[in-house]
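Protein sequences, first through last, are from chains A and B. Going letter by letter, the first sequence gives residues 1 to 114 in this note's numbering. Going letter by letter, the second sequence gives residues 115 to 227 in this note's numbering.
Be careful, since some hints might not be right.
As the list claims (entries may be wrong) - A few chain B positions that, by computed beta-carbon distances, are all more than 12 Å from chain A:
| no. | residue |
| --- | --- |
| 1 | Leu127 |
| 2 | Gln131 |
| 3 | Asp152 |
| 4 | Gly167 |
| 5 | Leu192 |
Claimed, not checked - Calculated lysine to aspartate or glutamate pairs in the DMTMM-like style (CA-CA distance at most 25 Å, straight line):
| no. | chain 1 | residue 1 | chain 2 | residue 2 |
| --- | --- | --- | --- | --- |
| 6 | A | Lys101 | B | Asp140 |
| 7 | B | Lys128 | B | Asp140 |
| 8 | A | Lys71 | A | Glu94 |
| 9 | A | Lys71 | B | Glu166 |
| 10 | A | Lys1 | A | Glu15 |
| 11 | A | Lys1 | B | Glu173 |
| 12 | A | Lys1 | B | Asp152 |
Unchecked claim - Per label pair, the in silico range of CB-to-CB distance:
| no. | chain 1 | residue 1 | chain 2 | residue 2 | range |
| --- | --- | --- | --- | --- | --- |
| 13 | A | Gly60 | B | Ser181 | 20 to 30 Å |
| 14 | B | Asn187 | A | Thr78 | 39 to 49 Å |
| 15 | A | Pro8 | B | Arg223 | 19 to 29 Å |
| 16 | A | His76 | B | Leu183 | 38 to 48 Å |
| 17 | B | Met141 | A | Phe99 | 15 to 25 Å |
| 18 | B | Leu183 | A | Ile12 | 41 to 51 Å |
Worth flagging that the hints you see were computed from the coordinates, not collected in a lab. Glycine is no exception: its CB is placed at the ideal position from the N, C-alpha and C atoms.
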Amino acid sequence: KNQVEQSPQSLIILEGKNCTLQCNYTVSPFSNLRWYKQDTGRGPVSLTIMTFSENTKSNGRYTATLDADTKQSSLHITASQLSDSASYICVVSEGGTGFQKLVFGTGTRLLVSP
Amino acid sequence: NAGVTQTPKFRVLKTGQSMTLLCAQDMNHEYMYWYRQDPGMGLRLIHYSVGEGTTAKGEVPDGYNVSRLKKQNFLLGLESAAPSQTSVYFCASSYSAQGGTQYFGPGTRLLVL
Numbered sequence: 001k002n003q004v005e006q007s008p009q010s011l012i013i014l015e016g017k018n019c020t021l022q023c024n025y026t027v028s029p030f031s032n033l034r035w036y037k038q039d040t041g042r043g044p045v046s047l048t049i050m051t052f053s054e055n056t057k058s059n060g061r062y063t064a065t066l067d068a069d070t071k072q073s074s075l076h077i078t079a080s081q082l083s084d085s086a087s088y089i090c091v092v093s094e095g096g097t098g099f100q101k102l103v104f105g106t107g108t109r110l111l112v113s114p
Numbered sequence: 115n116a117g118v119t120q121t122p123k124f125r126v127l128k129t130g131q132s133m134t135l136l137c138a139q140d141m142n143h144e145y146m147y148w149y150r151q152d153p154g155m156g157l158r159l160i161h162y163s164v165g166e167g168t169t170a171k172g173e174v175p176d177g178y179n180v181s182r183l184k185k186q187n188f189l190l191g192l193e194s195a196a197p198s199q200t201s202v203y204f205c206a207s208s209y210s211a212q213g214g215t216q217y218f219g220p221g222t223r224l225l226v227l
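Work the whole structure out from these sequences, hints included.
This is the structure in structure tokens:
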């Protein structure tokens, strides 16, 4: 069964500190991996999309990595800010022709404390 | 440019009542999607549309119907609401289904008593 697992489930860090969120997946065939940020009470917002050939992609203070061999991804947040408090969702797109199904992780809830 | 909007933001229904959730996008996207988000679970696809006049079932379509009469609108209907349909519903749209970014609406919180 295609699955996306994220760890930790929740995390508290002090403002200004760095953190890394993990994502492991069993989705096959693989098309791409996405990281979304979801603020409380809002819809998810895309941070990065990586294909099989991409190892790393950055979006400001957010850097995502992908190891397609081990089927692992991470999202690194540098110099955290209070506004980074949110859920971060890892999403893997199934490969193949036609409509590509997205498999969503359950998210990591991050709280940045002052 | 409002992106993806959803109406209503919040609704309380009694078991057996019906309602329609409206999603609108102004990005001229071909693809539109309806998801539900429940505690402890990832978003799950209910129905989707690959263009005006077309719809298809997703992962959890039972109890829901959809229509895409206009390219910019995607309606989700509950004919006879059940408590199990209590959830947060998100609409999304994308330019393509092949790796394209999905843009999500703000969500509709539905409580079925």
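Against the structure, the hints come out as follows:
Listed as outside the interface, Leu127(B) is consistent with that label: its C-beta sits roughly 20 Å from the nearest C-beta of chain A, beyond the 12 Å cut-off. The beta carbon of Gln131(B) sits about 24 Å from the closest Cβ of chain A, which is more than 12 Å, so the claim that it is off the interface holds. Its closest Cβ contact with chain A, about 10 Å, brings Asp152(B) to no more than 12 Å, contrary to its assignment away from the interface. Chain A leaves Gly167(B) outside its interface by the beta-carbon criterion, the shortest separation being 16 Å against a cut-off of 12 Å.
The claim that Leu192(B) is not at the interface with chain A holds, since no C-beta of that chain comes within 12 Å of its own (minimum 20 Å). As the CA atoms of Lys101(A) and Asp140(B) are separated by approximately 23 Å, the hinted pair is consistent with the 25 Å bound. Taken as a hint, the Lys128(B) and Asp140(B) pair is broken in the structure, with Cα atoms around 32 Å apart against an allowance of 25 Å. Between Lys71(A) and Glu94(A), the direct Cα distance comes to roughly 13 Å. Compliance with the 25 Å bound is thereby established for this hinted pair.
Proposed proximity of Lys71(A) and Glu166(B) is contradicted: the alpha carbons are some 36 Å apart, above 25 Å. For the suggested pair Lys1(A) and Glu15(A), the alpha carbons sit about 38 Å apart, so the restraint of at most 25 Å is broken. This hinted pair checks out: Lys1(A) and Glu173(B) have alpha carbons roughly 13 Å apart, not beyond 25 Å. This hinted pair checks out: Lys1(A) and Asp152(B) have alpha carbons roughly 20 Å apart, not beyond 25 Å.
Judged by the Cβ atoms, the range 20 to 30 Å given for Gly60(A) and Ser181(B) is violated: they are separated by roughly 39 Å. The hinted range of 39 to 49 Å is satisfied by Asn187(B) and Thr78(A), whose Cβ atoms lie roughly 40 Å apart. Checking the proposed 19 to 29 Å range against Pro8(A) and Arg223(B) shows it holds: the Cβ atoms sit about 26 Å from each other. For the pair His76(A) and Leu183(B), the beta carbons lie near 44 Å from each other, so the given range of 38 to 48 Å is met.
Between Met141(B) and Phe99(A) the C-beta distance comes to about 19 Å, which sits within the given range of 15 to 25 Å. For the pair Leu183(B) and Ile12(A), the beta carbons lie near 47 Å from each other, so the given range of 41 to 51 Å is met.
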